[in-house]
Each structure stands twice: as C-alpha cells, then as structure tokens.
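> Okay, here's what each chain looks like letter by letter:
There are 4 protein chains.
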Amino acid sequence: MAGSRYQYVKKFELPDPILPGTFMVLRIDGHAFHRLSEVHKFAKPNDERALQLMDHAARDVMNEYKDIVLAFGESDEYSFLFRKSTALYNRRQAKIVTTLTSLFTSSYVFNWSRYLPDTPLEYPPSFDGRIVVYPSQKEIRDYFSWRQADTHINNLYNTIFWALVQQGGETTTQAHAILRGTVSGTKNEMLHSRFGINYNTIPARYRKGSVLVQERVCSLCSWIFELPPASSDDLASTAGETPGTPQQPEQAPSGSSKQKASKKAHALTRIELHHCDIIGDEFWDQRPYLLAE
Amino acid sequence: MAGSRYQYVKKFELPDPILPGTFMVLRIDGHAFHRLSEVHKFAKPNDERALQLMDHAARDVMNEYKDIVLAFGESDEYSFLFRKSTALYNRRQAKIVTTLTSLFTSSYVFNWSRYLPDTPLEYPPSFDGRIVVYPSQKEIRDYFSWRQADTHINNLYNTIFWALVQQGGETTTQAHAILRGTVSGTKNEMLHSRFGINYNTIPARYRKGSVLVQERVCSLCSWIFELPPASSDDLASTAGETPGTPQQPEQAPSGSSKQKASKKAHALTRIELHHCDIIGDEFWDQRPYLLAE
Amino acid sequence: MAGSRYQYVKKFELPDPILPGTFMVLRIDGHAFHRLSEVHKFAKPNDERALQLMDHAARDVMNEYKDIVLAFGESDEYSFLFRKSTALYNRRQAKIVTTLTSLFTSSYVFNWSRYLPDTPLEYPPSFDGRIVVYPSQKEIRDYFSWRQADTHINNLYNTIFWALVQQGGETTTQAHAILRGTVSGTKNEMLHSRFGINYNTIPARYRKGSVLVQERVCSLCSWIFELPPASSDDLASTAGETPGTPQQPEQAPSGSSKQKASKKAHALTRIELHHCDIIGDEFWDQRPYLLAE
Amino acid sequence: MAGSRYQYVKKFELPDPILPGTFMVLRIDGHAFHRLSEVHKFAKPNDERALQLMDHAARDVMNEYKDIVLAFGESDEYSFLFRKSTALYNRRQAKIVTTLTSLFTSSYVFNWSRYLPDTPLEYPPSFDGRIVVYPSQKEIRDYFSWRQADTHINNLYNTIFWALVQQGGETTTQAHAILRGTVSGTKNEMLHSRFGINYNTIPARYRKGSVLVQERVCSLCSWIFELPPASSDDLASTAGETPGTPQQPEQAPSGSSKQKASKKAHALTRIELHHCDIIGDEFWDQRPYLLAE
Numbered sequence: 001m002a003g004s005r006y007q008y009v010k011k012f013e014l015p016d017p018i019l020p021g022t023f024m025v026l027r028i029d030g031h032a033f034h035r036l037s038e039v040h041k042f043a044k045p046n047d048e049r050a051l052q053l054m055d056h057a058a059r060d061v062m063n064e065y066k067d068i069v070l071a072f073g074e075s076d077e078y079s080f081l082f083r084k085s086t087a088l089y090n091r092r093q094a095k096i097v098t099t100l101t102s103l104f105t106s107s108y109v110f111n112w113s114r115y116l117p118d119t120p121l122e123y124p125p126s127f128d129g130r131i132v133v134y135p136s137q138k139e140i141r142d143y144f145s146w147r148q149a150d151t152h153i154n155n156l157y158n159t160i161f162w163a164l165v166q167q168g169g170e171t172t173t174q175a176h177a178i179l180r181g182t183v184s185g186t187k188n189e190m191l192h193s194r195f196g197i198n199y200n201t202i203p204a205r206y207r208k209g210s211v212l213v214q215e216r217v218c219s220l221c222s223w224i225f226e227l228p229p230a231s232s233d234d235l236a237s238t239a240g241e242t243p244g245t246p247q248q249p250e251q252a253p254s255g256s257s258k259q260k261a262s263k264k265a266h267a268l269t270r271i272e273l274h275h276c277d278i279i280g281d282e283f284w285d286q287r288p289y290l291l292a293e
Numbered sequence: 001m002a003g004s005r006y007q008y009v010k011k012f013e014l015p016d017p018i019l020p021g022t023f024m025v026l027r028i029d030g031h032a033f034h035r036l037s038e039v040h041k042f043a044k045p046n047d048e049r050a051l052q053l054m055d056h057a058a059r060d061v062m063n064e065y066k067d068i069v070l071a072f073g074e075s076d077e078y079s080f081l082f083r084k085s086t087a088l089y090n091r092r093q094a095k096i097v098t099t100l101t102s103l104f105t106s107s108y109v110f111n112w113s114r115y116l117p118d119t120p121l122e123y124p125p126s127f128d129g130r131i132v133v134y135p136s137q138k139e140i141r142d143y144f145s146w147r148q149a150d151t152h153i154n155n156l157y158n159t160i161f162w163a164l165v166q167q168g169g170e171t172t173t174q175a176h177a178i179l180r181g182t183v184s185g186t187k188n189e190m191l192h193s194r195f196g197i198n199y200n201t202i203p204a205r206y207r208k209g210s211v212l213v214q215e216r217v218c219s220l221c222s223w224i225f226e227l228p229p230a231s232s233d234d235l236a237s238t239a240g241e242t243p244g245t246p247q248q249p250e251q252a253p254s255g256s257s258k259q260k261a262s263k264k265a266h267a268l269t270r271i272e273l274h275h276c277d278i279i280g281d282e283f284w285d286q287r288p289y290l291l292a293e
Numbered sequence: 001m002a003g004s005r006y007q008y009v010k011k012f013e014l015p016d017p018i019l020p021g022t023f024m025v026l027r028i029d030g031h032a033f034h035r036l037s038e039v040h041k042f043a044k045p046n047d048e049r050a051l052q053l054m055d056h057a058a059r060d061v062m063n064e065y066k067d068i069v070l071a072f073g074e075s076d077e078y079s080f081l082f083r084k085s086t087a088l089y090n091r092r093q094a095k096i097v098t099t100l101t102s103l104f105t106s107s108y109v110f111n112w113s114r115y116l117p118d119t120p121l122e123y124p125p126s127f128d129g130r131i132v133v134y135p136s137q138k139e140i141r142d143y144f145s146w147r148q149a150d151t152h153i154n155n156l157y158n159t160i161f162w163a164l165v166q167q168g169g170e171t172t173t174q175a176h177a178i179l180r181g182t183v184s185g186t187k188n189e190m191l192h193s194r195f196g197i198n199y200n201t202i203p204a205r206y207r208k209g210s211v212l213v214q215e216r217v218c219s220l221c222s223w224i225f226e227l228p229p230a231s232s233d234d235l236a237s238t239a240g241e242t243p244g245t246p247q248q249p250e251q252a253p254s255g256s257s258k259q260k261a262s263k264k265a266h267a268l269t270r271i272e273l274h275h276c277d278i279i280g281d282e283f284w285d286q287r288p289y290l291l292a293e
Numbered sequence: 001m002a003g004s005r006y007q008y009v010k011k012f013e014l015p016d017p018i019l020p021g022t023f024m025v026l027r028i029d030g031h032a033f034h035r036l037s038e039v040h041k042f043a044k045p046n047d048e049r050a051l052q053l054m055d056h057a058a059r060d061v062m063n064e065y066k067d068i069v070l071a072f073g074e075s076d077e078y079s080f081l082f083r084k085s086t087a088l089y090n091r092r093q094a095k096i097v098t099t100l101t102s103l104f105t106s107s108y109v110f111n112w113s114r115y116l117p118d119t120p121l122e123y124p125p126s127f128d129g130r131i132v133v134y135p136s137q138k139e140i141r142d143y144f145s146w147r148q149a150d151t152h153i154n155n156l157y158n159t160i161f162w163a164l165v166q167q168g169g170e171t172t173t174q175a176h177a178i179l180r181g182t183v184s185g186t187k188n189e190m191l192h193s194r195f196g197i198n199y200n201t202i203p204a205r206y207r208k209g210s211v212l213v214q215e216r217v218c219s220l221c222s223w224i225f226e227l228p229p230a231s232s233d234d235l236a237s238t239a240g241e242t243p244g245t246p247q248q249p250e251q252a253p254s255g256s257s258k259q260k261a262s263k264k265a266h267a268l269t270r271i272e273l274h275h276c277d278i279i280g281d282e283f284w285d286q287r288p289y290l291l292a293e
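Protein chains in written order, with our numbering: chain A, 1 to 293; chain B, 1 to 293; chain C, 1 to 293; chain D, 1 to 293.
Any given hint could turn out to be false.
No copy labels: a pair is met if it fits in one copy or bridges any two.
Heads up, simulated SDA-like pairs for lysine to any residue below, C-alpha to C-alpha not over 20 Å straight-line [unchecked claim]:
hint, residue 1, residue 2
1, Lys138, Leu291
2, Lys11, Ile140
3, Lys10, Thr86
4, Lys187, Pro288
5, Lys95, Arg130
6, Lys44, His192
7, Lys10, Gly169
8, Lys11, Glu215
9, Lys11, Ser85
10, Lys10, Arg92
11, Lys10, Arg27
12, Lys44, Phe161
13, Lys187, Ile271
14, Lys10, Ile140
15, Lys10, Pro20
16, Lys138, Tyr6
17, Lys95, Pro17
18, Lys10, Asp142
Because the hints were derived from the structure by calculation, they are not lab data.
Put together the whole structure using the sequences plus the hints.
Shown next, in the form of structure tokens:
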C-alpha cells in the first residue's frame with residue numbers, strides 16, 4: 001500500500017507568499033465573545049481580569065515569535081506588528097496566521113484559571129485571525145491610531161452606558177436611547193454631572209488599551225535604555241500588575257543570555273506593557289526601531 | 001478624536017474568496033508535537049489518550065460547523081472535508097482557516113485534563129492549519145487515501161521501531177539502522193518472528209486512524225440508516241470509548257430536534273467515530289451524500 | 001556596473017498558479033468597441049466582415065495554443081476553453097492571459113485590411129482578457145450556454161432596433177422607447193408584422209455566434225470522423241466563407257504531419273468553424289473529448 | 001431562452017485587486033522575438049527602426065493611460081511605472097495587465113510599416129505582460145537600475161559579439177567561445193584594440209535604453225520647467241527623431257487644453273524620450289513627482 005500514487009494531491013497546495021518589503025499586521029478577534037462574557041459574567045464595562053488574560057496570551061505570542069515588535073489590545077481583539085523584513089515561515093500567509101492565532105487561543109485557555117480562578121471556563125472559546133499588509137510606516141501609524149481611537153470611542157460609550165444602567169437605574173434600552181446621537185463632549189459632561197465621574201481618572205488600561213512593545217535593552221548592562229518618562233498614569237510596568245510575571249521568569253531579561261549567544265548582532269530586548277498614547281509622535285519617536293527594517 | 005480619518009486603512013484588507021463549486025479540505029497539524037510528546041511522556045508508538053483528545057477536538061469542530069461532513073485524524077494531524085456547496089463565512093479563506101484552527105486548539109487545551117488527568121499540561125500547545133481546494137470527487141478520494149496510507153506506513157514503522165527499542169533492547173540509532181530500506185513485508189515479518197506480534201491484531205485506531213463522519217439519521221424515527229455492517233474490529237461506536245460522551249449530550253441525536261425545526265429539508269445527522277478503511281469504495285458507496293452537493 | 005545588486009527586485013515577482021484539475025476559460029473583450037464601430041462605420045446590427053475578423057484572430061490563437069479545444073465568439077468578445085489538464089506555461093495566470101490576449105489583438109490588427117480592405121484602421125484597437133476557472137463540466141456547459149443565450153438576446157434586440165431605425169424611420173431614442181420592456185415573443189412578432197422579417201431566417205452566424213472547435217481527425221486517413229449532420233443553416237464550413245483560408249494552409253490537415261511526428265499519441269485535429277447550437281446536448285455528446293482530460 | 005439560469009457562472013469571477021499604496025510596474029516582453037528578428041532581418045546588434053517602433057508603442061500606452069509616469073525600454077521589453085495612488089480600473093490586476101499589453105501589441109503592429117516600410121510584417125507578433133508590485137521608492141529605483149544595468153551588459157556583449165562575426169570573420173560559435181568568461185573591461189579593450197570602436201561613442205539609445213517620462217509642463221505658459229541640462233549625447237528630444245511625431249499632434253502640449261479644463265489641479269504634462277542614465281540620483285532628483293503620490 002504505497003502512498004505514492006496519491007501524492008499528486010499535494011500539487012493542489014498553492015503558494016501564498018506575502019509581498020516582501022511590507023509590514024504585516026495580524027489582528028486576532030474573539031469569536032462570539034458577547035456570549036462568552038455573558039456566560040462567564042464579565043464585569044461591565046471592563047473586566048480587568050479578562051483584559052489581563054488577553055495581554056498574557058499576546059505576550060506569549062510575542063515571546064515565541066521575536067519578529068513581532070509591537071502589539072495593541074483592546075476588548076477581545078489584539079493586533080500584532082511584525083518587523084518589515086521578517087522572513088517568518090518564508091512569509092507564507094496561512095502558516096503565519098493560523099499558527100499564531102492558534103498559540104494565542106491556546107494561551108488564553110491555558111491561562112484562564114490564573115486570571116479568573118473562581119470562574120470555570122464553560123466551553124472552549126475561539127478567535128479568528130487575519131493578516132493585513134501595509135506598504136509604509138504611515139499606514140502602520142494610522143492603523144494603530146485607528147485601533148486606539150476605537151478603544152476610546154467604545155470605552156467612553158460603554159462607561160456612560162453602564163453607569164446609566166448600573167447607577168442610574170435605566171434599562172439597557174433606555175440607556176441606548178439616551179446616548180443615541182450624542183457626541184464625546186456630551187458624554188463626558190453627562191458622566192461628570194450625573195455620576196461624578198471624571199473620565200480622565202478612569203484607569204489608562206481602559207482608556208488607552210494595552211500596548212505590548214519589544215523594548216530594546218542595552219546588550220552589555222541589560223538595562224533598558226533611558227527613555228523620556230511617560231506620564232505615570234499611562235505607563236504601567238508589567239511587573240506591578242500582571243499576576244503571571246513571577247511565574248514567567250523566561251520573559252525577563254535573564255532569558256536574553258541565550259539570545260545574546262545565538263544572535264550577537266541583535267540588541268537584547270524585553271517585552272513591556274504600557275497603557276499609553278500611540279497616536280501622537282512621542283511613542284514612535286522614542287522607538288525608531290519599531291518601523292525600521 | 002474621531003477615528004474616521006484613520007479608517008482608510010481598512011481598504012488594505014483584500015478579499016480572499018475560495019473558488020465556488022470546489023471541495024475544501026482543512027488540515028490541522030500539531031506545531032512542534034515531537035517536543036510536546038516528549039515533555040508529557042506520551043506512550044510510544046501510540047498514545048491512545050492523546051489520540052482520543054485529538055478526536056474530541058475534531059468532534060467539537062464538526063459539532064460547531066455542520067458543513068464539515070467528514071474528518072480524518074492520525075497522530076497530531078486532522079483533515080476536515082466541507083460539503084462542496086458550503087457558504088461558510090462566504091468562503092473567505094482566512095476567516096475559515098483561522099476560526100476552525102482556533103477552535104480545534106481551544107478544545108484540545110480545554111479537554112486535555114479529561115484525557116490525561118495525571119499529566120498536567122506544561123505549556124500551551126499550538127497547531128497550524130491550511131485549506132487545500134480540490135475540484136472533484138476523485139481528488140477528495142485520493143486525498144483521504146493519501147492520509148490513510150500515510151497512517152499505515154508510519155504506524156508500521158513506529159510499531160516495529162519501538163518494539164526493537166522497548167522489547168529488543170536496541171538503541172534508537174540501532175533501530176533506525178535495522179529498518180533502513182526495509183519494505184512493508186519485511187517489517188511485518190520481523191514484527192511477527194522477533195516479537196510475536198501479528199500486525200493485523202493491533203487496534204484499528206492505530207492502523208486506520210480516526211474517521212469522524214456525519215452520519216445521516218432518519219428524520220422521523222431518529223434511527224441511523226441501515227448500513228451494511230463494517231467488520232467489527234474496524235468500527236467502534238463513540239459511545240463505548242470516548243470518556244467525554246456522557247458530558248456531551250448535545251452531540252447525541254437528541255440535539256437534532258432544534259436542527260429539525262430550523263432546517264426541515266435537511267436530514268438529521270450525528271457524528272460517528274470509526275476506525276475503518278476509507279481507501280476502498282465501500283465506505284464511500286455507503287455514504288454518497290459525503291461527495292454530493 | 002554589475003546588475004547583481006539590483007536583482008533582489010525579482011523576489012517581488014510572486015507566483016500566480018491556477019488550481020490544477022480545473023477548466024480555464026479565457027474571455028477576451030473589445031475595449032471601447034462602440035467607438036471603434038462608429039469610427040469605422042461597421043454595418044448595423046451586424047458587420048459580417050468584422051465578425052469574420054474576430055473569428056480569424058480566434059483561429060490564430062487556437063492554432064498557436066493547441067490546448068484550446070473550443071472557442072465561442074459574438075460581437076466583440078471571444079471565449080476560449082482549455083482542456084482541463086493543460087500545463088500551458090505551468091498554468092501561470094498572468095503569462096497565459098497576457099500572451100493570448102496579445103496574440104489575439106495582434107492578429108486582429110494584422111488581418112484588418114484583409115476583411116475591411118476599403119476601411120483603413122484609424123488607430124490601434126485593444127482588448128482586455130480574463131481567465132475564469134471552473135471546477136466541473138457542468139459549469140463549462142453553463143458558461144457557454146450563458147454566452148450563447150446572450151448572443152440571442154442581444155441579436156434579437158439589435159435586429160428589431162435597427163429595423164425600426166433604418167426601415168421604420170424611428171430615431172434611436174424612439175426605437176429604445178418602443179422596445180422598452182418587451183419580451184422575446186413581442187419582438188419576434190413586431191419584426192415579422194412590421195418588417196416582414198422571419199427571425200429564424202437571419203444568418204446563423206448572427207443568431208448563434210461563432211463556434212470554433214478543435215475537431216478530431218482520424219489519425220490514419222486524415223479524414224474527419226463521421227459526425228451526425230447538423231442542420232445546414234447552422235453549420236458553415238470554414239472553407240466556404242473565410243477569405244483567409246487559402247493563405248493559411250497550415251490550418252488544414254496537411255499541417256498535421258508535423259504534429260503526428262512529434263506527438264504520436266494525440267489524434268490529429270483541425271479547427272472548424274460552426275454557427276450551431278451549443279446549449280443543447282447534441283454538440284457536446286458528439287465531442288466528448290472537449291470536456292475530458 | 002432567458003440567460004438568467006446560467007448567470008451564476010459569473011460568481012466564479014473572483015476579485016484580484018492590487019494592494020493600495022504600492023507602486024505597480026508593468027513589464028511587457030516580446031514573445032519569441034528571436035524568431036521575429038530573424039524572419040524580418042533586424043540589424044545586429046541593434047536595429048534602430050525596431051527600437052523606435054517599441055518606443056512608439058510605449059508612447060501610445062502612456063498617452064492613453066495618464067497614470068503611467070515613466071517607462072523604460074530595451075531590446076524587446078518595456079517597463080511602465082504607475083504613480084503610486086493610481087486607481088486605474090480599481091487596481092484590478094488582470095484588467096490592467098491585459099488591456100495595456102493589448103494596446104502595446106496593437107500599436108506595435110499598427111505602426112510597423114511606418115518604421116520598417118520595406119519589411120512587410122510576416123505574421124502577428126505577440127507580447128506577454130506582468131505586473132510586479134513594489135512597496136517603496138527604493139525598490140522602484142532599484143528596479144529601473146536593474147533594467148538599465150541589464151541593457152548595458154547585453155549591449156556590450158552584443159556589440160563585441162557582432163563585431164567579431166561581422167567584421168572579424170568569426171563564426172557565431174567562435175564568437176561565443178571568445179567571449180566566454182570575459183569581464184566588461186576585457187570586452188571594452190577588445191572592442192577598441194581589434195575594431196577601433198570606443199564603446200562610449202556608441203549611440204546612447206543602445207547603451208542606455210529608452211526612457212519615456214511624463215515631464216511636467218508649466219500650466220500657464222506651456223513651457224517645460226527649467227531643468228538642469230542633461231549631457232547632450234544622452235538626451236534626445238522626441239521631435240528630432242520620431243517619425244511619428246508630426247502625425248501625432250495629440251501627444252504635443254496642445255493636447256493639454258482638454259486636460260487643463262477637466263483637471264485643473266494637475267500640472268500639464270508631455271511625454272519626452274530620453275536615453276539618459278537613470279541609475280544615478282540626478283534623473284530622479286529632477287523629477288520628484290515620479291515617486292510621489
């Protein structure tokens with residue numbers, strides 16, 4: 001029973017290379033997460049534990065695939081930026097998008113109980129993934145601006161919506177009706193006058209989303225480069241907030257020794273979590289390597 | 001901060017439709033499963049628990065995506081056949097391949113402890129996925145023949161290899177050397193003469209792989225159609241062997257009532273696990289609907 | 001000045017293979033032929049010379065590319081069917097579609113003066129081309145039925161429209177208004193009652209379009225196979241109507257000697273022009289090789 | 001005979017958009033031009049008439065498709081650069097590549113007798129075309145450098161090769177043998193010492209190829225912008241050498257009035273033919289609009 005007479009079917013596997021010299025963005029989205037959040041009683045408008053779990057899964061992907069230099073997460077989605085010249089899996093589209101979406105999913109399920117210890121996972125959640133190709137730095141900047149602007153818009157809406165419901169005693173139908181057609185200013189004003197909430201004091205995680213960045217570390221001293229300080233409420237070091245960190249020593253600079261040995265030419269890196277603005281120039285000016293080769 | 005000025009970046013998301021009127025096969029493969037099996041001490045040459053976990057994940061995918069009519073699994077891979085006319089996600093390639101690979105992965109991690117209760121999962125495993133498009137029934141038959149022939153070739157090799165190592169006291173290097181260049185007949189003979197093993201008495205699961213098929217069930221009486229009986233060692237009903245079955249009543253025919261209500265025109269179906277030959281005509285002749293529209 | 005430092009740009013040339021085991025149809029359409037027909041005063045509703053020129057160009061393409069087994073032309077378009085297993089240019093899409101569209105265009109310009117000797121070509125006309133891939137015989141039959149049904153619909157409309165204008169003294173605006181919303185029966189009736197034209201006596205070329213088919217010729221005697229006779233008004237042998245034939249002896253069976261020598265296994269063929277029905281089964285039943293491998 | 005039941009076959013026409021924000025290069029190559037040049041006794045190593053005909057066809061394409069800003073030709077090939085933001089045919093790949101290859105072919109055949117009046121065209125020549133997509137200016141510069149370096153390498157080889165054959169009395173086999181493995185310096189030296197030819201005095205057309213560029217013209221005075229002068233032997237104005245110019249007033253600036261009326265925002269342009277260096281920065285620095293949006 002030699003299999004050789006059937007092997008011709010392999011010829012139907014067609015190549016799917018991604019154009020060289022372009023930036024790839026992989027965006028992973030939760031599949032039917034409305035139901036997932038209902039079933040598992042996620043806090044509204046934001047469930048910090050669920051967001052930290054997303055960050056953890058994203059970090060696992062970045063640790064495994066070093067050509068990802070930046071990731072941005074909000075709600076049930078995460079976007080990953082590869083360095084322009086990546087040759088990961090020879091830039092084969094299906095291979096990249098499936099393997100990374102799979103690893104993200106796997107980490108999400110694997111780490112669920114760490115972040116939601118009192119909420120057993122009821123069924124296996126899933127994600128979809130897509131790769132979008134951008135030719136230049138400008139579009140990459142605009143892509144991430146688009147996602148962070150979306151974070152703001154959604155969070156402002158959800159914040160006032162759930163205040164109306166949870167504190168204001170409105171039904172969800174009434175709350176939608178009240179907010180229909182309102183602009184940002186009106187929502188901010190309503191939040192302040194009716195509920196005494198200053199939107200800007202809401203945690204940066206909710207307002208800005210999560211920014212995971214492969215920070216370059218000095219190769220001799222293993223210290224991070226001196227960076228101009230971000231405003232303190234917008235920058236949260238991973239160490240302070242991620243419960244997973246103590247258990248994940250391989251993410252710390254100590255892991256760099258192996259990398260240093262095998263790839264001397266590369267600077268040492270470590271992945272840092274921020275909740276900072278990425279629409280303005282400051283973030284990018286401080287990290288020119290993100291959009292370099 | 002309106003996001004509208006950035007929305008042009010959505011234009012870079014290009015369509016990726018799969019040609020209508022063709023059969024799609026999704027093949028999911030374990031990523032670095034050699035390491036996974038080492039770390040978790042999978043039994044050699046076959047670990048029944050790990051194979052059952054694969055079957056469980058595949059069944060979850062089929063339960064969620066009813067347009068999959070057949071699946072075939074061996075080792076760390078699973079192939080899924082969609083009915084030819086499926087319009088799942090408008091036949092968008094990346095959407096299909098990522099969502100299903102993600103769900104398979106999720107189920108694998110989610111159900112790990114059910115099948116390997118004494119072996120904690122050490123890290124999140126991942127899979128890759130690809131969709132191959134075939135224009136006709138002939139290629140689909142040959143595709144599945146290719147995979148099942150591969151199952152046989154690999155299992156015969158692994159069976160004698162591990163017999164040489166585990167019972168014959170050979171090193172793995174010696175075992176490879178002994179087997180180099182041998183044909184099937186020689187391996188069968190060696191298995192019998194040296195270790196007293198009759199290859200044909202090895203469980204069908206290992207020799208034939210796993211065949212998950214959406215069997216059509218009579219819509220009035222909820223009984224499976226009368227089928228010519230498969231040889232008893234090649235056909236194993238799910239009920240008897242899958243620990244997950246009692247907890248998954250939605251996979252049993254009872255779940256069909258909902259389906260019956262919403263899609264009267266469709267016959268009721270249920271997913272059955274076999275370990276039978278799919279190279280010959282018998283399997284396909286009994287189920288003409290698999291390769292129909 | 002070695003060019004080697006620039007050669008990396010070749011890496012941006014990505015593969016574009018067409019799925020194996022499928023039928024390719026190449027459709028070539030005139031670009032801005034409304035203007036071309038105005039400038040060169042093509043006869044309305046049909047200009048036989050211009051149609052013969054299209055047929056000539058199509059025949060040149062079929063003579064050069066033997067894997068084309070059938071072509072259908074109407075107005076300013078021509079569709080070419082490749083045998084399913086063609087490996088022309090390794091099935092590279094851009095290579096096939098551009099080379100053949102180019103040759104068609106070239107022949108059209110090259111042979112213009114033969115068919116329209118008193119009408120100098122005023123400027124270079126152009127065509128576009130596209131390849132559509134079909135998985136099965138059924139879709140191929142339906143594709144050609146679609147084109148021939150279109151021929152009928154357009155020709156019936158144009159015949160009555162130009163009768164109203166040329167014989168009935170209507171303006172083109174009035175003629176369009178008269179025909180708006182009319183069904184086939186009404187148009188036929190109007191044609192007969194007002195202009196005494198029996199639509200079925202109009203030349204088959206206009207009603208049925210042009211069918212160029214690679215007819216199989218007996219390899220021993222060089223005579224065409226005995227075929228059931230088509231109705232005489234629907235079948236026109238090329239010899240009687242194409243002015244180009246005498247100058248193109250390579251299209252006659254004599255050219256087969258070279259082919260016979262080099263490809264003994266293939267039957268001898270010659271390209272015949274018909275204006276016959278290709279919607280019904282008869283045409284296809286007589287030529288099973290068209291849709292075979 | 002309604003065609004509606006067959007129209008589903010249109011669903012098999014899949015989209016093929018080219019990534020936005022990228023540069024497209026269309027390269028057209030002669031198909032079997034070795035034979036064409038033999039049959040029509042093209043002069044060796046370069047036939048000026050045949051090259052001028054290529055230039056004429058390229059100019060016709062640029063006149064018709066204003067989004068082409070630059071073209072480079074050598075031997076039987078021509079490369080066309082589109083401005084980055086072109087929306088021609090909604091960036092549909094097959095539509096663009098076939099229509100333009102067709103027009104190029106058509107013009108080549110249409111204008112043959114103008115450039116080779118004593119050499120009747122024996123049969124219809126054809127071309128293939130391909131579109132290559134480049135993400136950035138750097139790759140565009142390198143693409144054109146690659147083609148012009150290739151022009152030099154081929155022309156130097158052909159010049160000495162045909163000198164050996166035509167003046168040196170060598171057979172073509174001997175000539176190839178003499179040149180095997182020689183570097184540029186050796187060929188230059190051989191050309192000078194054996195045949196008294198100074199390579200640099202050979203016409204720029206042969207050494208540099210043909211550069212067709214959409215030069216920007218002042219919108220008020222219709223005079224070309226003041227440009228730093230190119231060296232005189234490398235720059236040939238079209239007026240002096242293209243026989244077609246007098247008959248083609250639509251290519252002259254006078255044609256701009258229509259363009260001015262309809263697209264006020266655009267500068268007036270006209271297409272100029274140069275035989276100048278495009279590897280260095282000077283050509284590009286003078287025309288920043290070529291690589292702009």
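> Against each hint, give a clear statement of whether it holds in the structure.
Going down the list of hints, with the structure as the test:
1. Lys138 to Leu291: Classified as both: same-chain Cα gap 10 Å, cross-chain 16 Å, threshold 20 Å.
2. Lys11 to Ile140: Between. Shortest inter-copy distance 13 Å satisfies the 20 Å Cα cut-off; intra-copy 36 Å does not.
3. Lys10 to Thr86: between (27 Å within a copy, 18 Å between copies)
4. Lys187 to Pro288: Neither way: Lys187 and Pro288 sit 36 Å apart in one copy and 47 Å across, limit 20 Å.
5. Lys95 to Arg130: Answer is both; intra-copy 12 Å and inter-copy 7 Å each pass.
6. Lys44 to His192: Result: close within a single copy only, 18 Å intra versus 65 Å inter.
7. Lys10 to Gly169: Neither, since 61 Å and 38 Å both go past 20 Å.
8. Lys11 to Glu215: neither (43 Å within a copy, 30 Å between copies)
9. Lys11 to Ser85: between (29 Å within a copy, 13 Å between copies)
10. Lys10 to Arg92: both (16 Å within a copy, 18 Å between copies)
11. Lys10 to Arg27: between (29 Å within a copy, 12 Å between copies)
12. Lys44 to Phe161: within (10 Å within a copy, 57 Å between copies)
13. Lys187 to Ile271: neither (35 Å within a copy, 51 Å between copies)
14. Lys10 to Ile140: Cα proximity of Lys10 and Ile140: across copies only (12 Å, versus 36 Å in one copy).
15. Lys10 to Pro20: between (25 Å within a copy, 11 Å between copies)
16. Lys138 to Tyr6: Cα proximity of Lys138 and Tyr6: across copies only (11 Å, versus 48 Å in one copy).
17. Lys95 to Pro17: both (10 Å within a copy, 17 Å between copies)
18. Lys10 to Asp142: between (40 Å within a copy, 10 Å between copies)
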